[in-house]
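These protein sequences, in sequence, are chains E and Y. Here the first sequence is numbered in my numbering, starting from 1 and rising by one per residue. Here the second sequence is numbered in my numbering, starting from 1001 and rising by one per residue.
Simulated from the structure, these hints should not be mistaken for lab results. Predicted, not measured: the structure shown is a model, and the values here were computed from it. Glycine residues also receive a C-beta, built at the ideal position from the N, C-alpha and C atoms. Please note that a few of the clues may not be correct.
[Unchecked claim] Derived coverage of chain E by chain Y (criterion: at least 3 residues anywhere in the stretch with Cβ under 8 Å from a Cβ of chain Y; other residues may be distant):
1. 155-164
2. 235-241
[What the hints assert, rightly or not] FRET-style restraints, in silico, Cβ to Cβ:
3. Q21(E) / A1116(Y): 29 to 35 Å
4. L206(E) / R1003(Y): 44 to 50 Å
5. R223(E) / A1162(Y): 37 to 43 Å
6. P1122(Y) / A175(E): 44 to 50 Å
7. Q21(E) / K1008(Y): 50 to 56 Å
8. G1084(Y) / S147(E): 42 to 48 Å
9. A175(E) / A1116(Y): 35 to 41 Å
10. L1107(Y) / S147(E): 36 to 42 Å
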Amino acid sequence: MGGFELTQVTVKHLWKEYADQVVLENVNLHVGDHEFVTIVGASGCGKTTFLKMLLGIEVPSRGEFLIDGEPLPSEPGPDRGIVFQRYSLFPHLTVLENLLLGLELRGAPLTGRLFGARRRRAMEKAMPLLESVGLHNSADKYPTQLSGGMQQRLSIAQSVICEPKILLLDEPFGALDPGITSDMHTLILKLWNTHKMTIFMVTHDLKESFALGTRLLVFDKARVDPQAPEAFGATITFNIPLKGQRHAA
Amino acid sequence: MRRLINQKPGRGGALMLSMLPFLLVLSAYLYYSHARLAENPGDKLLPAASTIAATVHRYAFEEDERSGEYLWWTDTGASLRRLGIALVISSLAGLGLGLAIGVLPYLRAAIAPFVAALSLIPPLAILPILFIVVGLGELAKVTLIVIGVAPVIVRDLAMRAAELPNEQIIKAQTLGASTWQLVLRVVLPQLWPRLIDALRLCLGSAWLFLIAAEAIASTEGLGYRIFLVRRYLAMDVILPYVAWITVLAFAMDWSLKLLRAKAFAWADSN
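One chain only, chain Y, in its complex shape (with noise of 0.2 Å):
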């Protein structure tokens, strides 16, 4: 008998194997739902199957009656705009200085320590800040992710551009390249890949301050929702929401990922 760490599954077993977590936990629980419902019909924290498909198709498609809204959806777009206007500024924050840091000696010592003790500060300590300075609107969401996701970013990034062999900046000078040319040509171009790796890496930090910041300043969101009908332990709607954001969440790893794979396909190979 082979010794197990090379005893490897086909692709269909693969399939299969990781398939299996998902369908023993779904059919936990609906096991321990069907017994809580059959001892008590009114009870509130496993509600069944067709329950939640009927709470789903009343958020998702119907209009509510108070605001004449598709609340799924209206909670989707809020979350994702939020999201995704975070995500584009961290971003460009993250390349921005962290080219900066990374290129010039000059402002690395002005600035890395700076940016070091920035993404010390846990950015749910000054939501009260926030809240008080810039208001409950939108600009407080965005900014609380933005000021948990862009340090760790900017110092990945400048990580990653001081990582680069100096043997390739040295050959760049050789070729004549100045300091612009080194950082559009050299360090910039290389750095896009290591973008997606670090926005990879903070899509679980920033979906968590997205929701922490709606759950306590909000008037649309999934965060939002979620924390509102607690209140009812409306777990009928909880749980799809958070399958939702779930569902989401890996969306969006996995395209970045995609793009990583076909945009940046000489970063593969290394």
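Extracted from the complex, chain E is given alone in its bound form (with noise of 0.2 Å):
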């Protein structure tokens, strides 16, 4: 499993700018193996722009984003999951194709599917997991019959089965109804504590970056000019080790 290993993570005097104006200035970090990295901050500070980088999407302006010592790559790839908000299944493949996707993918280059013995394989691997994220019962429905919360446990299940060395959350239960996302956090404890990978949350939610993270990022500008609001941009303000629930689950 990619995960057992050791995932470093370092940034290095990161700087992302816009044509007239910086989004993040001058951001170092250094986060270890299996930790779990809650982001916050207001709205425009910067933090999804974090997260794209991080993701493959956007590309520095300036500095180093390094994995284990390597540059990341420009392009988003099977070592860095993602769970975004919304929009992040495949309509047209119901629950358990939506999870076996990742391995046909990795297993067959050239059709995209098993067959035979090696699909019951993939099974075999997917089946537990889609018991452990409570959809054992769902399998053969589309996406568009579940509900947000399933939706959403799909797509995490979705990335945990490629077994990323770092699994992304861009405000993953910011959609779902206040009820249901202490279950949630229970699943996603659980996973990331079988799954032993490194964990980057952004979330609106102040109490939930507390209740889940071993590392607490705030992303904020540290100088405003009241007159020129863009001529700087944010960085990693507070820097917060939490306790974190490790083995908790």
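Both chains come to you apart, so use the hints to assemble them.
This is how it looks when you write it as structure tokens:
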């Protein structure tokens, strides 16, 4: 399992600028193995930009982004899983097919499909995971037939089955009913402890960030010019180690 | 009394209401046909139902004296074959180019403006060119339909492919998808129902181009027959042929709709 190797994420003097706007300035960070990093901050303070760079769909203007000492690839890849707030399931595939997709893509470069014994082996891996996210009774349903919480559980499982070193969560529970977020917290902690990956989670919910994280990052502008709000970017103003809930679940 | 917008017909009521305009047109036809024939038994404009029935019988169930063929079915077969070949070619072009334009930025930059320009050429305006270049045979007719329909399908499918949520495309990459796998497992399967929608919308113009091409250069086909018998004011042939074309078009539209509902159930609940 890839997740059992040590994963180190290092950020050195990272800047992100657009033509007339500095989004992030001089971000420095070191995250060790099997951390659960929660990221909070006001809207527009660059926390989503930070996640996008980690994902590989935005390129840093200056500075370095290293995973295990290697520069981050400039496109998304299987070492970094992602769960968005919405739209990350494939509507034409059933729950089980959505879950199997990652294994099929990896196992069959040409057809993207597994057959026979190889498909059975993939199923043997998928079914326990499907059960652990509570979707084994909905295996043949399509995503649109699922509730919002079920969709997010599937989306998480879909990423976890690929055993990414890093799992990125972009406000994954932001669109859900408050009542089911605590179930989702239990689930994500369980998966995090089982699969030992490093998690980066952007959230609006400060309570959530304290409850889940082993490290809390607060993105904010350290300097503000009232005449030119775009002149300075945000950076990590607080980097707080938390107790986290390793092996709690 | 409830508002009009909240008053809905039941199932039976809706069926009766839907039949009403058809019955109205039919009875108006029969009435005026009868009135005109009473005045002038030689009137050709609105032939009696019995005349039409006799003509249909002659065309559909009796051999033609000259060719020995059942004209109704020969014409239908010829037209449907042209239409079918053209629609299959257009669909393949639509899927291939649409996918390429929708998914690959370099190809989009290279060919999207060209296809857009192509789709604006009035196909009938280049019909003479087709006749000159490929002759008056089957190829010209099929090509006309393809030129008329394919660019529209290409553009539609390219737009649909580009419309897929970016989250899906990124997610697939984090699951390890290559460009090829992304096309094969994520984009193409979601384009099939879109293709059916595009085909349904294109059916009308496809028939238009078919009949135009047949009218100008052909020896059989539904459009050919209508324009041939026009010389003799043979409304007893033209009217049932038009009705038959309508029935065929409706059947094609309906079977495409049914196919979409049966084969792509996931697309309905979106």
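Cross-check of the supplied hints:
Against chain Y, the stretch 155-164 of chain E contributes 5 residues with a C-beta closer than 8 Å to a partner C-beta. That satisfies the three-residue criterion, and the hint holds. Restraint check on the stretch 235-241 of chain E versus chain Y: 0 residues with Cβ-Cβ distances below 8 Å, three needed, restraint violated. Checked against the given bound of 29 to 35 Å, the beta carbons of Q21(E) and A1116(Y), roughly 33 Å apart, stay inside it. A beta carbon spacing of about 48 Å between L206(E) and R1003(Y) agrees with the range 44 to 50 Å that was offered as a hint.
Evaluation of the 37 to 43 Å hint for R223(E) and A1162(Y) yields a pass: the beta carbon distance comes to about 40 Å. In this structure the supplied range 44 to 50 Å holds for P1122(Y) paired with A175(E), their Cβ-Cβ distance being about 48 Å. Between Q21(E) and K1008(Y) the Cβ separation comes to about 54 Å, which falls inside the hinted range of 50 to 56 Å. A beta carbon spacing of about 44 Å between G1084(Y) and S147(E) agrees with the range 42 to 48 Å that was offered as a hint.
Between A175(E) and A1116(Y) the beta carbon distance is about 37 Å. The supplied range of 35 to 41 Å therefore holds. Our hint of 36 to 42 Å for L1107(Y) and S147(E) holds, since their Cβ atoms are close to 39 Å apart.
The structure does not agree with numbered hint 2 stated previously, though it agrees with all others.
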